[in-house]
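Chains as they are written, first to last, in the working numbering: chain W, 1 to 323; chain Y, 1001 to 1574.
Source of the hints: derived by calculation from the structure; they are not laboratory data. Hints are all accurate, no fakes.
Looking from chain W toward chain Y, a few residues come up when the C-beta cut is under 10 Å (computed):
1. V199
2. A200
3. N204
4. R206
5. P267
A few chain Y residues that face chain W, going by a derived Cβ cut-off under 8 Å, partial list only:
6. I1359
7. P1361
8. S1362
9. L1363
Just a sample of chain Y residues kept apart from chain W, beta carbon distances all over 12 Å, derived:
10. R1136
11. R1400
12. I1443
Note that the Cβ used here is the ideal one computed from N, Cα and C, for glycine as well.
For reference, the chains in residue letters:
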Amino acid sequence: MSTNTLAWSGLTADRTRMLRLLQEYGVYAALVVLFLVAVGLDTSFVEMSNIRVQLFQLAPTLLVALGMALVIGTEGIDLSVGAVIALAASVVPLYAGYGLGGVLLAALLLGAASGAVGGAMVAFARIQPIVATLSLMIGVRGLAEIVNGNSAKAVTQSGVLALGSRTVAGIPEMAWIAAVCALLTGLLVRRTTFGRQLVAVGDNRRAGWLSGLPVRRVLITVYVISGVLAALAGVLVVGHGAEADPANQGLNMELNAITAVVVGGTPLSGGRVRVLGTVAGALFMQLITAVLTQHNVHTSYTQIVEAAIICFAVYASQERGTR
Amino acid sequence: MAEQAPDPRGDLVLDVGGVNKSFAGVHALRDVDFALRPAEVHALIGENGAGKSTLIKVMTGVHRPDSGTVRLDGRPAAFRNPLEAQAAGISTIYQEVNLVPLMSVARNLYLGREPRRFGLVDVARMNREAVRVLGRYGVHVDVTRPLRTLGLGAQQMVALARAVQIEARVVIMDEPTSSLEPREVDTLFSVIRGLKEQGIAVVYVSHRLDELYAVCDRVTVLRDGAVVHTGDMAGLEQLRLVSLMLGREMATVRDKGTTAFDTARHDHSEGQPVLRARNLSVRHRLYDVSLDIRPGEVVGLGGLLGAGRSETAKAIVGALPTEAGSVEVEGETLHRRSPAAAIRNGVVMLPEDRKLEGIIPSLSVRENISIAALPRLSRAGVVSQAKQDEVVDFFMKRLRIKASSPDQRVGDLSGGNQQKVLLARWLCLGPKVLLLDEPTRGIDVGAKTEVQALIDELAGDGLGVLLISSDLEELIEGSDRVVVLKDGRVVGHLAGDEVTEEGLLGTLAGAAQERAPDDPAGPGERRTAPEPAEAGERRASPDPAESGAGEPPAPHEPPEPAAEDPAPVKENHG
Chain W
1 MSTNTLAWSG LTADRTRMLR LLQEYGVYAA LVVLFLVAVG LDTSFVEMSN IRVQLFQLAP
61 TLLVALGMAL VIGTEGIDLS VGAVIALAAS VVPLYAGYGL GGVLLAALLL GAASGAVGGA
121 MVAFARIQPI VATLSLMIGV RGLAEIVNGN SAKAVTQSGV LALGSRTVAG IPEMAWIAAV
181 CALLTGLLVR RTTFGRQLVA VGDNRRAGWL SGLPVRRVLI TVYVISGVLA ALAGVLVVGH
241 GAEADPANQG LNMELNAITA VVVGGTPLSG GRVRVLGTVA GALFMQLITA VLTQHNVHTS
301 YTQIVEAAII CFAVYASQER GTR
Chain Y
1001 MAEQAPDPRG DLVLDVGGVN KSFAGVHALR DVDFALRPAE VHALIGENGA GKSTLIKVMT
1061 GVHRPDSGTV RLDGRPAAFR NPLEAQAAGI STIYQEVNLV PLMSVARNLY LGREPRRFGL
1121 VDVARMNREA VRVLGRYGVH VDVTRPLRTL GLGAQQMVAL ARAVQIEARV VIMDEPTSSL
1181 EPREVDTLFS VIRGLKEQGI AVVYVSHRLD ELYAVCDRVT VLRDGAVVHT GDMAGLEQLR
1241 LVSLMLGREM ATVRDKGTTA FDTARHDHSE GQPVLRARNL SVRHRLYDVS LDIRPGEVVG
1301 LGGLLGAGRS ETAKAIVGAL PTEAGSVEVE GETLHRRSPA AAIRNGVVML PEDRKLEGII
1361 PSLSVRENIS IAALPRLSRA GVVSQAKQDE VVDFFMKRLR IKASSPDQRV GDLSGGNQQK
1421 VLLARWLCLG PKVLLLDEPT RGIDVGAKTE VQALIDELAG DGLGVLLISS DLEELIEGSD
1481 RVVVLKDGRV VGHLAGDEVT EEGLLGTLAG AAQERAPDDP AGPGERRTAP EPAEAGERRA
1541 SPDPAESGAG EPPAPHEPPE PAAEDPAPVK ENHG
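Next comes chain Y alone, as it looks inside the complex (with noise of 0.2 Å):
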């Protein structure tokens, strides 16, 4: 926004000044300031925890700061509950639609301000209405119908459209892409930009920098609950934001030595792959991602949040449906593909998600730890109690699981000692590929130094391993080599001396500038609702300002400028 002159402070929408917010002894949010101008639409980034739900929540009166102020139109604005802050003009959009599923789709355009006759619903009045409004967000639909039979897409644009109905002056939008095809995102942009038009300022969250450039006019990043920058999107380079976020000043080389890895690196440089992913494709998730793993070789797995990175590791063992794709291990396709198979085949994974996909709480520890190799150790379907001993006394006392007994609950248990106990349910397989999602994520230190250690030690006998790691030193430490991923994509190798911090995150900023934009969805069966009718036409806009001076367009534009300009927005009050 090129045209907006440099504001003073009172002409701020919503100014957020100084805000503290702790749980728990946990400082979620630190002397926050957020400054959003009339008709911006502003970037809102940073890592997991680094605090964007904890601020958005305090300015939509979910949660009350600790110390702060939040201020609308220049006046103080504290809000007790999300109703007041709505009431206000302050709507936010989830990453879930919330609106009344089994409910008409107009009906849950005008919940709760219904349009009345003699004091009852007009309903003829509310569908006509409604067909008016959804059509300018290119949502042509019976709105008759349940709201669940909607694609996801429809679905979002129906709660922006009622999230704007409602007088907004404020549009918070979490992560609203997530689920939507690449035409629905182009739709959504010019929804977004009609909002512009109308002086409606947008607070846009999410992970994919690509739109950021393509929608956004201003970004704030957030670290660790701390404001690290705020400034104009345009001429802020990729690679800086993506420092930004990550904490890691590019001309930095941090001390090494803080995590356990032993910095030789192992010895694979022959041999032939144990593991040789091919071209994976998971719906919305993953493209086409190649890679191989050779014994004794740790492959990280590189890229942001959201990348794919878990989706990689899942697809692998058969914990996701692919829509393509292949697995071998030691030359054999597996043909079956589900996670009892590839523990058959010796793939193993720890999964991101240790309470809900790991541990099984209620068992005690002897028992987790032999779940998965108890056809192992029964002789006809009776378990040798003898054997499963031997095994879960060999891996508690090699991983130094502390318990009180092998028969105590899991569940009991620390994170760390619990993440023992999952490593030593896979380690008593004698697997050969051990897939890693965040293995030290939740854990304390002491624990996170003997997993490191343990994760080079089991390369050193020969596993093949992947390692998925937000932890950037973990990753670059523990890796022999780095498979980057961005937007369910392979978009960068880095081998030997590339395995630096320098590297990952110049293969994550440059990786847009070299991608060919295409399709990457596949054929819609899934869907249940209409597409929109000219959300294929629409294009970006072409005004330079929006996409950001000097930077690409968005991955799911294509490169040629449009002719055509946004479907027109134009009035919202009515």
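The shape of chain W in the complex, shown without the other chains (with noise of 0.2 Å):
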């Protein structure tokens, strides 16, 4: 009976630690696995034209997916970024006649303006992060819809297409924009005072407002910093689409945003950022979406695998928590 009880402890802290490997190196190995597994499978995955088209398609989520990692280090949620693309989108025709900095200067102006006016409910109306944004994210995507009118429209400015399509280096320009994106929200999370704080206020908020911390600013600044990012994603999605179409693009985003930042590590109970874990998160969904699919799988069935990694995910995240 006690060697038993022994076995058995030992097995759980064994079982503890495990966990706790997993939790935090678990997607970096299952992204090496899986590109493994994708390139037995078909030799032609790691040809370059590949690789591009997924990382045209991975920027704008990554992009995404690191202002959203930000806000849930806060203990947040932002659910309207996907409707801030599709507001994006719908200006970019509008502004095409100032060239690329006149499209991007009033687009990432909105995305801050909507991010501000969710943190803003968030910080001082204290609404629930999640009902905020979701407010948020209905009433964006029916202006954007407003500007834009019903029709999708072409897009011909060369500098917002060139955004979304050149290349530098064989490696798409929008891939570069992410990567650099991900290296300075790394930055902001582990060097600057900003970063500091905004941890402290998802892991114990009224010890940090006790502490001085200026709760409201470092709340407000996360959101619009979301907003910008995707509205820069919104750019870039027109331009790899060469056209803006507010009702569809920036669908489901928010959800594959989240999914990224959950995959990678970040628990959604706040108090922690992990970048690089974001980052590996957004890539482990392309890829392994872009695997299924491309051997035929249907769309139903990789959804159904997206769900069980989820919550994967998320038990695994749990787990640590509970230690």
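Quick one: dock chain against chain with the hints and give me the complex.
Laid out in structure tokens, this is it:
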């Protein structure tokens, strides 16, 4: 009996350690394994043309996921990002005459404004983030459709198109932009006062407030950043697709972004932001969809696989939390 | 209850005998006897951790005693859960009303035993009955409204009415007045007297001593899990009651030297106060609290649990919204009241609840220490690693913080080290005033003496310190001066030779005699429920046996005896 218990406690200790390792490095290991499997199934997967296609699709999701990771770090969530993509898309045709600079300025300002509204709802009105950004999501999508009219509009502005199609050193410019943003987000979280305050606010808001942290400013800023990144993603989506279609662009983007963040190991309970994990999470989800699609697995089955992955990722992160 | 004959034990409603209960090796109750007679109001008092809640939970079937018996009407009653206790006639009213906030008042009153007609709930009859029943408790409201739209006091009355309706023999009230307006307290008291007339016994838990004298017949005092006194309320001096609770015998002067404080007082005789708080008022908690702290001075804040000590500290730093009052630091009035503003002006508070309000658990020791000082350790928003490490290193050494490295998660440290990390968080800001709320609670002996020595040292360096401590010895030996609080008011100042346990206990006990009763409540702008209509006219019963011979009336009652009798509460099992 006693030996049994001993063995059992040893087993649970091992199990806890395993889970912790899984939580910390699981996403990277899974990414490597998945990549090897993909190559093993079909060596054409590593051809540059295919990788380029994957990166074009990945870049907007990753941008949005970075903002989402910051919001989630404050124990929040931002459901409005998909709608902000649509809003950004809707203004591209309007400002095309001012060149790429004008388009970007208008789109990013709108993204920031939308984020500020969401942040203010959370910080001042103390509305739960999920409710605040849900209402924002509905409202902003409506606004985008009003701005654009109901039909998709072709975009011919050369700067915008180039942004969505050009490659630098064989890698899409979009992917470079996303990579730079990921690097900056990482530095923001690790090196700056703001990053530290963000995590503290997410971990123990009351203690942070009592320690004199500018809790409201941190919250609003986080939603503004999320809005700006989503707007940037919106311009990229328009550039890549050569049309502005607010009724369809950015649909489900909030869910893809949350998935990337969660699979990357950032806990939904806040207090921690894993930027590199988010990048890996986004890559992983992109890769698994690609593999399944390329092997003619029906989309319905792909979705079920994705669902299982999300469940597992959340389960693993919970286990760590109750340690 | 002078007319009650000295009773044989067989006459008891509830009889707890020799009960022991421990949790994970901690003895929460030791050999506790508790006897409740029919139709008596029995006060159950003690400081935090004395075992009151555990005893209540044993009586109501939440916990099962390790040994000992609980008898109801002379028969063994081993309740397996609160429902069984309730069915047997023991009703409990907790501090937080546990009813269904979104259901109607009437629904709540009759939940689980609604009047039925053809198998359906007879809503009309239920509402009619509810109006009638609640009227007797001074609650005149639209019973179809959701319960949560009522004020807390009215909600509590609904809970009470519900408890009594369930054929209660014993009603246990856990701090029933903590959220009540003075007038609602009067209503509650007359309801309690009504219960007595019906032969229902009441166990009354409260920290407000004056209330006990106003409404209780007998008292049982718990300390460290054991009964230290049981007896009649009348004739028991307040001074004695306080010393029983705190475990300090009036005549005994205890050996000094178990704390690390230097007995020599700090030099602070001259000099302007660094902090001057004036007339701080917090709704229901603080009334006109003023105090000064001079540089180099440790000002103790004395008082029993619930006296408003933590609230005072929180009001000073702006962590509790104040209705009135001002705070000056070095002569400058703080206009914006928030923790951030207080910190900018050099006033910092070590909170009582380390986990909830202090540490940021998943951040590292380094990040926890530097979090408040970050703006000063940064250039253009980027944290200077070198500066940060220097500060963190200095304070980890100075406070002897034991962590495997500055990178260790603060949540994994011991309580004492967490407390030191929090002290370091404030000290690296170079504050002028340090408000310490229970700085040594829940930390090991070694860390405790270190923290005490540090407090001394900081005061020696010219910091103004406010010390809140439930450890009487720590408070007395650590403080140069003590401001004594009671029920949210300053009731005394001790300085110099008066800073002794006797002085403190005397002030606490004497306070009730001196204070003029008045209505401390602010305007009722937050109320959502109408006032109980007759509550204002009702007065305490003039029966001298109930208010305790020779004792003053309760604070919320007018001094002149009222002409009216308390509203009768007639039948209840209808």
